[in-house]
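K.L.:
Read off the chains here:
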Amino acid sequence: MLTVELFGVLQQAAGDRQLQLDALPEPPTVAAVLDQLARRHPALAPHLRRVACAQGDSLVRQDQTIDTSRPLVLLPPVSGG
Amino acid sequence: MLTVELFGVLQQAAGDRQLQLDALPEPPTVAAVLDQLARRHPALAPHLRRVACAQGDSLVRQDQTIDTSRPLVLLPPVSGG
Amino acid sequence: MSRMTEQPLDMGQLLRETENDACGALVVFGGIVRNHHAGKGVSGMSYSAYGPMAEKVLAELEQETLQKFPVSECRIVHRTGDLAIGEASVLVVVRAPHRGDAFDGARYAIDTLKVRLPVWKHDFYEDGSDAYQDGVPLETAASRDAENSQ
Amino acid sequence: MSRMTEQPLDMGQLLRETENDACGALVVFGGIVRNHHAGKGVSGMSYSAYGPMAEKVLAELEQETLQKFPVSECRIVHRTGDLAIGEASVLVVVRAPHRGDAFDGARYAIDTLKVRLPVWKHDFYEDGSDAYQDGVPLETAASRDAENSQ
Chain A
1 MLTVELFGVL QQAAGDRQLQ LDALPEPPTV AAVLDQLARR HPALAPHLRR VACAQGDSLV
61 RQDQTIDTSR PLVLLPPVSG G
Chain V
1 MLTVELFGVL QQAAGDRQLQ LDALPEPPTV AAVLDQLARR HPALAPHLRR VACAQGDSLV
61 RQDQTIDTSR PLVLLPPVSG G
Chain R
1 MSRMTEQPLD MGQLLRETEN DACGALVVFG GIVRNHHAGK GVSGMSYSAY GPMAEKVLAE
61 LEQETLQKFP VSECRIVHRT GDLAIGEASV LVVVRAPHRG DAFDGARYAI DTLKVRLPVW
121 KHDFYEDGSD AYQDGVPLET AASRDAENSQ
Chain F
1 MSRMTEQPLD MGQLLRETEN DACGALVVFG GIVRNHHAGK GVSGMSYSAY GPMAEKVLAE
61 LEQETLQKFP VSECRIVHRT GDLAIGEASV LVVVRAPHRG DAFDGARYAI DTLKVRLPVW
121 KHDFYEDGSD AYQDGVPLET AASRDAENSQ
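Chains as they are written, first to last, in our numbering: chain A, 1 to 81; chain V, 1 to 81; chain R, 1 to 150; chain F, 1 to 150.
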């Protein structure tokens, strides 16, 4: 079971700030988790191609295998400044 | 008789904020006045090549004939900002 | 001042925090909430952030600016929460011995912030609608490498 | 605020005077008295100006900046008299809808001020000596034409 945290337009699309994802891919790479998320939550799918992902205060690469005990944070295109 | 106002390093060189120049060239162009000033006040001579000149709030060109009833203002290289 | 804050940004405090007698040049950039976006009237807006990363990104960007440019001081603060028209959402303060470097450093800092800081702008329009502004994909190590290899 | 003044420059007042809800970008440049020049310690300095022309040059430079760049606000003030280390000798405030234009406008304004404003800096050094800084010849219509034809 993996907690997925959402920001910005992703919160709007999902109607929530976080989701739980079970039946995780093995190994749980970022890319595989995003694929699964797109299947389970079609409303998020159009946005996932442009997200960056983080755990804690660090970015994680698409090919990286993540620690599923920590939340995966999805960061859509940014508009700060 | 022409009043010449001095600024910056010119005040230091002349030891005063203004000078009077009599026996003016005819016609009194800026260039001719500066030549005369260099002869009468040798301490100013080395600086005069790099001065700009003004009357009131406007610059005057070297080839311009000036109204000698108004002060001629000598502006050495500037260092504002 | 914390780099990410819900409080109004205090330029005076940033200026005091960066005082440096060796610096002849000060450049401040401020991002200000505008009353329009994409042709629509804006009545207000709200910034949200991914906090744990945002604070670190700004601290690293300050250091990077100090390393890339001959500047002596660099401070960046960004506001979150609800902002009114005319309020500052971001302030960048750079001090350097020379002015060209201060301009270059400040511009680099804000340009880079725009692609690295995990912050999202939510506009509220005068017609009652609202929208997250379409942003730029977050710059990642991978996208930076791809850009550098072009 | 008068553009040429013996009073300490008031950034807060300039910011209030230039408020503009259509502008998303604010750039401030400040020239600050440094504690060193050409390798010598500076204890203080004094600016003198040719007043009648200086005020007009700044007013014209504000207008020129507004015309040359897509910026909406431009204010420039310069101090005269005795200044202490750390005090501001000049402030340029530019506001624009977009940040690149605000940076370009502010940089143009201060770069041009440096060659057009009839102001002279007199340094007082820690060793007791003093000197007018060697400046740049004032830009005149003739020198501008010569440069443009190069």
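Calculated from the structure, these hints are not laboratory results.
Just so it is clear, CB atoms sit at the ideal spot from N, CA and C, and this is done for glycine as well.
There may be inaccurate statements among the hints.
To give an idea of the interface, some chain R residues facing chain A are shown, with a C-beta separation under 7 Å as derived from the structure [stated by the list, open to error]:
no.: 1; residue: Arg34
no.: 2; residue: Ala38
no.: 3; residue: Tyr125
Simulated restraints, written as ranges between beta carbons of each label pair [as the list claims (entries may be wrong)]:
no.: 4; chain 1: A; residue 1: Arg61; chain 2: R; residue 2: Thr5; range: 29 to 39 Å
no.: 5; chain 1: F; residue 1: Gly12; chain 2: R; residue 2: Gly41; range: 22 to 32 Å
no.: 6; chain 1: A; residue 1: Ala45; chain 2: R; residue 2: Ile85; range: 30 to 40 Å
K.L.:
Compare the structure with each hint and give your call.
P.N.:
Status of the hints after comparison with the structure:
The interface hint given for Arg34 of chain R is violated, since its Cβ lies 12 Å from the closest Cβ of chain A, which is over the 7 Å cut-off. The restraint placing Ala38 of chain R at the interface with chain A is violated, with a minimum CB-CB distance near 12 Å, outside the 7 Å limit. At about 15 Å, the closest approach between the beta carbon of Tyr125 of chain R and any beta carbon in chain A exceeds 7 Å, and the interface hint on this residue is violated. A hinted range of 29 to 39 Å holds for the C-beta pair Arg61 of chain A and Thr5 of chain R, which are about 30 Å apart.
Against the hinted window of 22 to 32 Å, the Cβ-Cβ separation of Gly12 of chain F and Gly41 of chain R comes to about 28 Å, which satisfies the hint. At roughly 35 Å, the beta carbons of Ala45 of chain A and Ile85 of chain R sit within the given window of 30 to 40 Å.
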